[in-house]
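Sequences listed follow chains A and B, in order.
Mapping to this note's numbering: the first sequence position 287 is 287, numbers consecutive.
The number in this note's numbering is simply the position in the second sequence, starting from 1, with 1000 added.
Derived by calculation from the structure, the hints in this document are not laboratory data.
Some hints could be false.
Below 25 Å or equal to it, Euclidean Cα-Cα: the simulated BS3-like pairs (lysine-lysine) are [said to hold, decoys possible]:
hint, chain 1, residue 1, chain 2, residue 2
1, A, 44, A, 302
2, A, 249, B, 1072
3, A, 385, A, 45
4, A, 221, B, 1217
5, B, 1066, A, 249
6, B, 1161, B, 1217
7, A, 302, A, 385
8, B, 1188, A, 272
9, B, 1094, B, 1072
10, B, 1161, A, 256
11, A, 246, B, 1066
12, A, 121, A, 272
13, A, 256, B, 1066
14, A, 249, A, 221
15, A, 221, B, 1066
16, A, 246, B, 1161
17, A, 385, A, 121
18, A, 246, B, 1072
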Amino acid sequence: MMNKLGRLNRRQLMKSVGVAAAGGSLGLGSMLASRRGLAQNQEKKPRFLIVIAAGGGASIIDSFLAIPRSLSANPGTIHTLPDDAIFSPEGSPLRAVDQSGSEAGAIPIAWSANQSNFLRKNVNDILVATCTGTSVNHNVAQRRSLTGNEIWKGRTLQECVAAEYGATFPVPNVNMAGQGYSERGYDRDLPDFAVHEPVAGASVWPLGLDGALGINDLPSKELIVAARELRNQRLDPNTAFYRTFKGSKNLAIWEKQRTVNQSSLEAGELIKKLIFLEDSQSIPLSEYGLTPSPDAAAVREKFPRYASDPFQAQAALAFLLLKNRVTTTVTIGPSFDVLLSNGLQGEIYNPPLAFDYSHNAHRASQAIMWSRLLAAADGLIDLLKAQEFDASTGESFWDRSMIYIATEFGRDKTRGNNANEFGTGHHLNNGFAIISPMVRGNRVLGGVNYNTGLTYGWNPTTGEPVPEEEMAERYIFSGILHALGVDTSGADLPNVTAFV
Amino acid sequence: MFRDQLYLHAALLTAALGMGCLAEPVGPVPGADGGTGLDGSLLGPDGSIVLPDGGVVENQIPESEKARVQFKRQRRLRADFAAALGFSADEVCKELDRFDCFVTVHNISLGGVDAYNLGIFEPLEETTKTTPIAMERIALTGCRNRVDLDLDTPESALIFKNLAMDASGGLADVNAASVDDAIDALYKRFALRRANPEEIAELRGFYETVTASGDTKAARSWAILACFMVSTSVESLFY
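Turn these sequences into a full structure, and let the hints guide you.
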């Protein structure tokens, strides 16, 4: 992958130099041959998918495809934004919106939101692909944003990635989101290991990765293991219950989970690698023989509200899961719960119903929530960039990661004449943001009609805009899997190569 | 199996034995009455019937064709463990002595739902990779708490009653009736049936493993782990 000017970036240069040095020759032919070989090897290495579930309808024209008032023929009735609130890097089709307000609908709390910092920093990794969905029902649309409207036997993107890369990972697919974003796919032929592991509370979930660590005054681990063996091998199999129902699928699953899977999880001592809570008076980990992860301090610094904001706690755990190679795909998402920092005197961290508070206060909701999501994404990117994935190639974890901001739908494009705040309903037309070094960034597939606020389609292979077309969910699904190198043979997906 | 069916089995078995013919022997229910069939016949280690003349009728436990077995899930497990261990529901298990194991920490992996916070309205279809671990943590915590209470206040002991201990913290006599009674109580509380002789022997025998490990609180460790084994058996966790 080269940039638009055909130059290697720093990362690619490092890889090339490393390969050339390893090959012992600086001849162009051998270097390119080596690069081809490297590319083939890299295909076997995992790639990571982070899904940020933007529940409630994250409107793309409130972020990367914002419409400046001056460009629209209907600036007062279409959802345009003041020109001076919109930032766009020179020559970039991407935009960011920085706004503030004195209240968010009926919530009398001042707020400010910033997207430009994220865009400045990550513009070369951001791809926006427009899409028109097929449902304005939250749960249904959430699910379809992850399954491409069930295009591949109803598998979710996360299941596809976990199935491709996760066979040797302890918990390949971790899902901390809710509603339709946490549903299992429909494909029952999916390998067991690729089914998602749900996480209810990110801060304490790591405790569930060892049967005894962190519980005081127990018999030794050796005795516990001996007790398990006696139970599994002699007591259970001889009961009438077991012998009667030994053909049960659920018992077979249980048998595997309590032997193979449990051993794998405990052998990795993951509980010691994934706890990011501080050893404090309120949660005295050391009293229970536990210590925070070696990366806990860095994670807490990046997500300082981890103790009070479940979304930040999810982001913290997401990084540790990836960094410690526990998982290949992780899903996080803010809840629909309202979250304030200090009552009416503080900040709004999460409006009630998240993006869906746009029914009451569109601009404030979209601004606060986009800012919130991008801040979490930025923290994850920083942490993953700082973490070496492969010393031999100079790759960081971020080099092999993708953030997909999944959402149900867009919002209505119209507003009362020149209204600064207004409510919007659900609208099928929208677009998705994908952030990754593995996609051709600083790019919009499709575009937005400034006069209607509606997005339009793109050519799946060239990426050229096609104003008379709209793209269905399956194109997003296929493009993401292609960029992640997932083998989709036999899946009958549309050929979408425009992402890379 | 329903009680009516048990009675039917017993009646048929008795009739067959009385007639002295067992061309198609009807399966007994091993351990359903403390190691004997419902008709009072002795049961062998595999559920076979030991006849008065020493003959053996092979175990005939039929294997279910449909084998529809379900994990009990969070709410029922919480209630069952509380009842079995003699605690209120919120006393059974707390992670780090702070976070309720069933409600806060392991809720979803135990098949619970959380409509208000997570928007998870339906339980998972199957157990997950962490479900057995969560159950073991709950069992170890709850069993530890029950054992400590029973050993510290024997006058109000619930499961481990009258366990005679020696000065080194071991069981004075692993063959004592009180040991059998404790094992039987565990099965009655978690599996809703009596322990059969083989189960009693296995758990009694586990005490040797404990003492061989050099454990300095052998009686306590044995009691915790006996409780752990029974409470996390498939019979306790599935229905």
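Hints not upheld, ascending by number: Hints 1, 8, 10, 12, 14, 15 and 16 not satisfied by this model.
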